[in-house]
Amino acid sequence: MEQEAASFDDHAFAPMVSLELNVAMFKSRWQFCDKITEYLSDILGQGHSDPARYSNFLSVATNELIELAFRSTSELGRISFSLYRNSTFNRLRITFPCEEASSPEHMSARASEHQPVPRAGSAYVVMKSDGTVLLSDLAAIFRATIRIEKDGRQGIQIIADFPSTEDFQ
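Take our numbering: the last position of the sequence shown gets the number 169, and nothing is skipped along the way.
Don't read these hints as lab results, they were simulated from the structure.
The hints are all genuine.
Derived DEER-like restraints, expressed as beta-carbon distance ranges:
| no. | residue 1 | residue 2 | range |
| --- | --- | --- | --- |
| 1 | Asp42 | Ser80 | 12 to 22 Å |
| 2 | Gly77 | Glu38 | 17 to 27 Å |
| 3 | Leu76 | Ala140 | 27 to 37 Å |
| 4 | Gln46 | Arg143 | 14 to 24 Å |
| 5 | Arg78 | Asp50 | 26 to 36 Å |
| 6 | Ser28 | Ala140 | 27 to 37 Å |
| 7 | Ser49 | Arg153 | 36 to 46 Å |
| 8 | Ser49 | Arg29 | 29 to 39 Å |
| 9 | Ala24 | Ser87 | 33 to 43 Å |
We put the beta carbon where it would ideally sit given N, CA and C, even for glycine.
All chains should be built: construct the whole structure from the sequences, respecting the hints.
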């Protein structure tokens, strides 16, 4: 990706929508991943010359990130999905609790794998060898910047910046 996202500071972006759910309710039905993906992707498509095409294309990446959060979150707490936009990027931020985020055993096990985590912060709980490949592939296909980081002591954030241009090949 030639142009780096403005920064990971949301102040450079205009908020579009935010959805917050109880994690236990979110995890009660796998179908919520699809419903939330459809809702967020439709909003991301707004303002484009071909909104359906842009929404459909980005729904693949959005769905993978939401399903990653579904599999990685603990049963307690709240999960939030937020969309932001600036002139060149659309940002998806997923924030959720994850008890293993601060687990010393998990951190040392991850450190021994010697595999780089693409654009990751200090939280590796959602990053396994197949997750690393998934995020690298998503970032390349969608020309996105994807970052995973700790959010507080027991939380995780997935931040994905997608270019707002419509020239996907």
